[in-house]
Amino acid sequence: MIAVSIEMSTAQASLALFRDGALVATTRVGETDRRDAPVFEALTRLLNNAAAHPADVSLWIAGRGPGRYTGLRAALTLAQFFALPGGAEVYALNSPIALAAAARRETGAPIIAVIGDARRGRCWVGLFRFTSDGLPQLEGDWTLQIPKHLGEVIPSEAVCVSSEYERLLARDLLPPQCRKRWIEGDRFPESADLGSVALARRRAGILSEPAMPLYLHAAVALSADGLPGPRSAESK
Amino acid sequence: MICILGIETSCDETAAAVVAAPSRVLSNVVHSQIREHAPYGGVVPEIASRAHVERLPAIVERARAEAGIAWGEVDGIAVTSEPGLAGALLVGVTAAKALAMRLDRPLIAVHHIEAHLRSVFLGEDCPLDPRAPTVALVVSGGHTSLFHLPGGNDAPRLLGVTLDDAAGEALDKCAQLLGLEYPGGPAIERAAEGGDPARVPLPRGRPSAGVEGLDPAFCFSFSGLKTAVRYFVRDHPEARESPLLRDLAASCEEAVVAALVERVEAAAHRLGVGQIAAAGGVARNRRLRQRLAEAAAQRGARLGLAPPEFCTDNAAMVAAVAAAGFGRTVRPPSALEIRPTAPLGLDAP
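Protein sequences appear in the order of chains A and B. Mapped onto numbering that gives the first Met the number 0, the consecutive letters of the first sequence carry residue numbers 0 to 235. Mapped onto numbering that gives the first Met the number 0, the consecutive letters of the second sequence carry residue numbers 0 to 348.
Here chain A stands alone, though its shape is the one from the complex (with noise of 0.2 Å):
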């Protein structure tokens, strides 16, 4: 069984085949914005290489996000519409449990917190335990903090870790009281990470998460009523 894995939320893009569920290649994706080529471009050398064809993948493992927006919605797109001829399988999944699995490889932390910046003043965070078996689990649900606040939601034990550490750091948004915890520089979730937990989740039997990005940005910006403000829309 063929399976490739896209994880394009940050800009270091990547694609992983697996074959029988063990990693064959990785490829990056050269710079995506609002272009798809290179996806297509790293697609088309990686099966290739595998002497692949689309139609022999049978299952297309899509990282969600949070992230950058042209790139979730490629990764998702290009998943499903490859597998929708032939019914292949689509699993989507959270993109920071990538990070995670790197950061518990490197560190042994109990608890890894993955932090982004969400704009507007707010930092969102997922807070990642592991099962006996290593799999990182999402403890609870994602939380937009502001972040001086931070520290009084990543517990103490926690290993902090973000693909946009430089940028946290540069604008003043990560506490003193969280930064000695933290994993210093950016690091990029993976598609290799991400399609070894998409297919441990699989055996374990744990169901796909909604094939569809997941947004933790307003999407405009908002006014007092909670609606993006007029500004904002562009009449037809």
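Everything labelled a hint here was simulated from the structure, so no lab data went into it. All clues stand as given, with none of them false.
Computed footprint of chain A on chain B, listed as stretches where at least three residues anywhere in the stretch have a Cβ under 8 Å from a Cβ of chain A: (1) 52–59; (2) 78–92; (3) 97–109; (4) 332–340.
No residue lacks a Cβ here, since even glycine has one placed at the ideal position from N, Cα and C.
Using the hints provided, position chain B relative to the given structure of chain A.
Just chain B now, with coordinates in the frame of chain A:
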């Protein structure tokens, strides 16, 4: 039977369709996002992109199923790749590329305006001869353009374009000023029923300068209409109440319709064509259809109006472009790029 699957996501309609060559529509599935955008009085690009991602897979599958064909019977994938909202276009193009690669079928890139133009040939009882020259109007919330279709396989030539607001956009803005709902075109049409279109004199947009290379006589301008309505409502607070509302709505509708029909008549006369056509969302307007019918009858010209179900954005018109042998086949499919701003017919001789 050659079957083309079409995909359209350039703005706020998520659509898929299957057309058998040259123009038999086997299925046409459209999801309008009007409800999602209505609270904001216009299309919010980010919301449009999100809705396309959510709905497109089910809509494409439904279009295939309703056409009664298997995936293996799809002979080509056509997709709107230009112009439109970037994020919205990208969803449809990514989907189309994936299908083309998965099925090993050609990918045909279609210009949204050309799709509207060709929609006048859809429908069982189309009176137009595709080989004969035609003056065609594409009028919607996003576009207002006048074309010369030379006939046969020749490319359309742009005659005129709006210099500011599109006609539908102007109606949206006028409707907002009158306290009517979104979308404004249908709301004004309803409010105008029984009204006096001559009651409030409103400008009909005669630009003195056109776009470079275009004759101002064939160009449009609707921004003055919106301003005139704004001042009228300011000076006549009762204008948002019946019966003045009815007359004002009828006057707005007349100003837009007259501006459109005048240019169509002028172009048909100048070029000496025997066919007139109109497509796009505003082409559903009954008054516009009636006035164009009168203009065509006066000239002894054939009139082709896109069937109402193909006036608003849809994928049947996209698939029809490819099924008729137009559009641009992209090899390999991965090379197709979106072009959010791309004129049609400016470079033609």
